[in-house]
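Going down the list, the protein sequences come from chains A and B. Here the first sequence is numbered in our numbering, starting from 1 and rising by one per residue. Here the second sequence is numbered in our numbering, starting from 1 and rising by one per residue.
If you're looking for bench data, these hints aren't it; they were derived computationally from the structure. Just so we're clear, the structure is a prediction, and the values are computed from it rather than from any experiment. Even glycine gets a Cβ: it sits at the ideal position worked out from N, Cα and C. Mixed in with the good hints there might be a few duds.
Stated by the list, open to error - Estimated spans, in silico, between C-beta atoms of each pair:
#, chain 1, residue 1, chain 2, residue 2, range
1, B, Q545, A, E145, 53 to 61 Å
2, A, E143, B, A23, 37 to 45 Å
3, A, T81, B, K155, 34 to 42 Å
4, A, D71, B, R133, 51 to 59 Å
To be verified - Covered by chain B, according to a simulated footprint, are these stretches of chain A (three or more residues, beta-carbon under 8 Å):
#, segment
5, 25-33
6, 52-66
7, 129-137
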Amino acid sequence: MVEDVIEKKTVKVIKVDVDKCIGCRACELVCSAFHAEPKYSSTNPAKARIRLIMDEFNDIYIPLYAGEYTDAECNGRNVYTIDGKTYDECTFCRASCPSRDFFKDPDSGLPLKCDMCLDDPPLEEPLCVQACRCDALTYEEVEQEEEKEESPDEMETGLQSLVKKHGTKKVMESLARISKEAD
Amino acid sequence: MRYAETGYNLEIDLSSGNIERVATDPRDMELYLGGQGTAAKILWDRVGPEVDPFSEDNLLIFSAGLLHATPVPSATRASVDTISAQTGLYSHSLFGGFWGPELKHAGYDKIILRGKAKGLVYLWIHNDKVEIRDASHLAGKGTMETAECLKKELKDAKVQVAAIGLAGENRVYMSSIEHYNSSASRGVGHIMGDKRVKAIALRGTKDVYVAKPAELFDLCNRQYKVIYDKGSSVMTHSHNEAWHTDVFAWGFARERRKGFWNKELEEEWAKVTDSVFVRYNGCYNCSIDCHATISYPGRRSFSYKCYGKLTYAMAAYQDVAFNYDIMGLTQEYGLDSFSTPQVLAFACELYEAGILTDKDLPDFPEDSGKRFFYLLEKIVRREGVGDALANGVYWAARQIGKGAEEYDHNTTKKFEQVPLKLGALNYPYFLMYATGAKMNITQIEGSFPQNAIPDKERRKAFVDKWEAAPDKFKKIYMEWEPRTQPPIDAAVAIADWNETMHYIDDSVGICAFVSAFKGQFNKSSYHINNYPEFISLASGLELDQDKLWETARRNRTLIRAINNRRGMRREDEKPPHGHWKQRLPDIEKQLIDEYYKFKGWNEDGIPTKQELDRLGLGYVSQDFIKRGILTDDKASPAKETSA
Ligand code: SF4
Ligand code: SF4
Ligand code: SF4
Ligand code: SF4
Numbered sequence: 001m002v003e004d005v006i007e008k009k010t011v012k013v014i015k016v017d018v019d020k021c022i023g024c025r026a027c028e029l030v031c032s033a034f035h036a037e038p039k040y041s042s043t044n045p046a047k048a049r050i051r052l053i054m055d056e057f058n059d060i061y062i063p064l065y066a067g068e069y070t071d072a073e074c075n076g077r078n079v080y081t082i083d084g085k086t087y088d089e090c091t092f093c094r095a096s097c098p099s100r101d102f103f104k105d106p107d108s109g110l111p112l113k114c115d116m117c118l119d120d121p122p123l124e125e126p127l128c129v130q131a132c133r134c135d136a137l138t139y140e141e142v143e144q145e146e147e148k149e150e151s152p153d154e155m156e157t158g159l160q161s162l163v164k165k166h167g168t169k170k171v172m173e174s175l176a177r178i179s180k181e182a183d
Numbered sequence: 001m002r003y004a005e006t007g008y009n010l011e012i013d014l015s016s017g018n019i020e021r022v023a024t025d026p027r028d029m030e031l032y033l034g035g036q037g038t039a040a041k042i043l044w045d046r047v048g049p050e051v052d053p054f055s056e057d058n059l060l061i062f063s064a065g066l067l068h069a070t071p072v073p074s075a076t077r078a079s080v081d082t083i084s085a086q087t088g089l090y091s092h093s094l095f096g097g098f099w100g101p102e103l104k105h106a107g108y109d110k111i112i113l114r115g116k117a118k119g120l121v122y123l124w125i126h127n128d129k130v131e132i133r134d135a136s137h138l139a140g141k142g143t144m145e146t147a148e149c150l151k152k153e154l155k156d157a158k159v160q161v162a163a164i165g166l167a168g169e170n171r172v173y174m175s176s177i178e179h180y181n182s183s184a185s186r187g188v189g190h191i192m193g194d195k196r197v198k199a200i201a202l203r204g205t206k207d208v209y210v211a212k213p214a215e216l217f218d219l220c221n222r223q224y225k226v227i228y229d230k231g232s233s234v235m236t237h238s239h240n241e242a243w244h245t246d247v248f249a250w251g252f253a254r255e256r257r258k259g260f261w262n263k264e265l266e267e268e269w270a271k272v273t274d275s276v277f278v279r280y281n282g283c284y285n286c287s288i289d290c291h292a293t294i295s296y297p298g299r300r301s302f303s304y305k306c307y308g309k310l311t312y313a314m315a316a317y318q319d320v321a322f323n324y325d326i327m328g329l330t331q332e333y334g335l336d337s338f339s340t341p342q343v344l345a346f347a348c349e350l351y352e353a354g355i356l357t358d359k360d361l362p363d364f365p366e367d368s369g370k371r372f373f374y375l376l377e378k379i380v381r382r383e384g385v386g387d388a389l390a391n392g393v394y395w396a397a398r399q400i401g402k403g404a405e406e407y408d409h410n411t412t413k414k415f416e417q418v419p420l421k422l423g424a425l426n427y428p429y430f431l432m433y434a435t436g437a438k439m440n441i442t443q444i445e446g447s448f449p450q451n452a453i454p455d456k457e458r459r460k461a462f463v464d465k466w467e468a469a470p471d472k473f474k475k476i477y478m479e480w481e482p483r484t485q486p487p488i489d490a491a492v493a494i495a496d497w498n499e500t501m502h503y504i505d506d507s508v509g510i511c512a513f514v515s516a517f518k519g520q521f522n523k524s525s526y527h528i529n530n531y532p533e534f535i536s537l538a539s540g541l542e543l544d545q546d547k548l549w550e551t552a553r554r555n556r557t558l559i560r561a562i563n564n565r566r567g568m569r570r571e572d573e574k575p576p577h578g579h580w581k582q583r584l585p586d587i588e589k590q591l592i593d594e595y596y597k598f599k600g601w602n603e604d605g606i607p608t609k610q611e612l613d614r615l616g617l618g619y620v621s622q623d624f625i626k627r628g629i630l631t632d633d634k635a636s637p638a639k640e641t642s643a
């Protein structure tokens, strides 16, 4: 998925703690500025590669990173209930997908994908992490031998809060079930 | 190419249904910045003194600040400007959240509403697509309920909604405009209701450009930490309410209860708060989470900030649970949480005094809390005596009569003030209360400390780190003897500095909570010393401290002129009756005299021709002379203006 990650055998991990998110969307703003042409010349959260999935009426605040493009919606989706709140599967899915109007450029329609702020020279930390002062987003680099099928930050987004609320066991069971269904 | 601003206003005539996207004059940004400043210019040009606030010709202007949607952090406060039916004067309010930046991304700096819709409508603005839509299905709905409905109806969670509730629909003077965690109060909701606009829903996906991208971004990226470090210890996060319960007056702004607070209460109230607390949250691109979301059983969830936690409780002599309960309702009705509790407590006093009777208030409950709920229902529906109460304390007192006028002790220029009862006259505060145009002291004060630190060494240490202060104020502060009043000229300068910072904030859209309000604690992340750089890099304006100060002065003077033209004069400039126990008529006269002189206003509080012309407001002086408000002193001819 994130190719340079695999080559370097260093996995760049952005951890997402949804309970710490204050909903400021600074992450969206800086991401859009970073990818503006020329760099930083404009802002436009609609072009960000991170999106705060927000439903203030039900206290849902989930920062979600843009992942791969897909040309079709998946059929068969799950609905999660976590701590009494209901999320549909798309909430945790990173795809730039026809089912949603974000993770694509609002003008051209081209898919957007988080590139971990690829820059030369490289940034110390991705900009969204720098802008997130309340530590909802934190950054780590971990050495990793094997290839991973899924990007770790995607896992972190959903799982961290699931595990926190329900314990590892329950989450593992659900995951096993979901992966069967997905197959 | 325009930087920071979009260069377009959206003009909507609700009577005719005409909608226009109008290019603005780049010179206006130079002269008035944006937000409140450019809104004032439009009100001056287009809403004459003869215009009744409830007429089609009154304008309701929603403005994004100049820095909204740029990378500058905490630029969140949209400005709402109009002429209020309550005061008959210029009325201004601000609200944060996401709405102002969204407006910019939709491609507009302002929405200017004129006329009145035939039935209740809402506006749907999605970039270039602008529609006036029927809102009959939203009639009577709560503000957050409306927002939730519209987000569903428009199928986009990122639609940003600002809505009025039942109070606004019924033109209750205390009604607010609510959006997410913020509300525009201080007398703008009733004009939105009069225009029959239930809500404005926005979605914008356009770029907003800045003049000096790399430098600005670098500066802003560092600013997040500054804001976080200076601001994260906000009062909303504390369970200790010793300060609010001690300093503010209870009931109808009557009585201080010193020593009310104690450890047991703190534990008890903390338990209540913890049981209904949902999350701290903040506004767009701000590192502070100064709002708390509360979900009280049986109510929709709402957000409060700071003293918002206690305004109803203290007015009703109740506890924090009561406050949460009633706020769950008042937010949906869309009511100002400062002025509304005052009106409710006022009605309770009138009942106790026998001025309002069981005939006016049939089945009026015994319990003060239940009384508040009872009155609320009457007010938002304008039922019975609620119809008079819905006009605020000043007008209600006069409509009810029978001596009720005597109870109007806490208004200034017909507007309810924060509940404070103090002893010795405070010179700078006297000036701010008497002459301020922003109707609530929290929107005027903030840069200069309210007390001198007694210990000289510690005071010196404070001053050494005091980034926000120009040298002149460091000197005043160092020379200030604790428990005395500063000299008159210092008091005038302090009042001027305090309000100047708000005039800057409110034109660029920066939240006073990280700026003007925080200088006194050395916690302001924006101040006169660093503002010019942020504004210049974002907008391309050439600006230094003097020029920025002058711009704020121009805005202050223009707004003053709007009010002068509507008849406001020196005799209207009084603090709330009984705010201070001590009154010093001679000193007060001197204070006003010196303040007017300092501002370049004549003895009646009207800006002189010379001052107006100097500020580039020659169009105002010409108008004043034509109307006989000023006499032509044959001074030098007016400079070029943008009029
Ligand atoms: S910057 Fe952090 S706190 Fe703000 S919305 Fe993004 S993840 Fe949440
Ligand atoms: S967003 Fe993800 S979960 Fe939703 S339909 Fe598309 S691929 Fe499936
Ligand atoms: S890591 Fe960089 S590219 Fe990815 S979402 Fe964050 S700011 Fe955008
Ligand atoms: S300081 Fe508070 S009110 Fe101000 S912008 Fe930040 S979160 Fe909003």
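Tested hints:
no., hint, in the structure
1, Q545/B <-> E145/A: 53 to 61 Å, "58 Å, holds"
2, E143/A <-> A23/B: 37 to 45 Å, "56 Å, violated"
3, T81/A <-> K155/B: 34 to 42 Å, "23 Å, violated"
4, D71/A <-> R133/B: 51 to 59 Å, "34 Å, violated"
5, 25-33, "holds (count 5)"
6, 52-66, "holds (count 7)"
7, 129-137, "holds (count 4)"
Of the numbered hints given earlier, the model fails hints 2, 3 and 4; all others are met.
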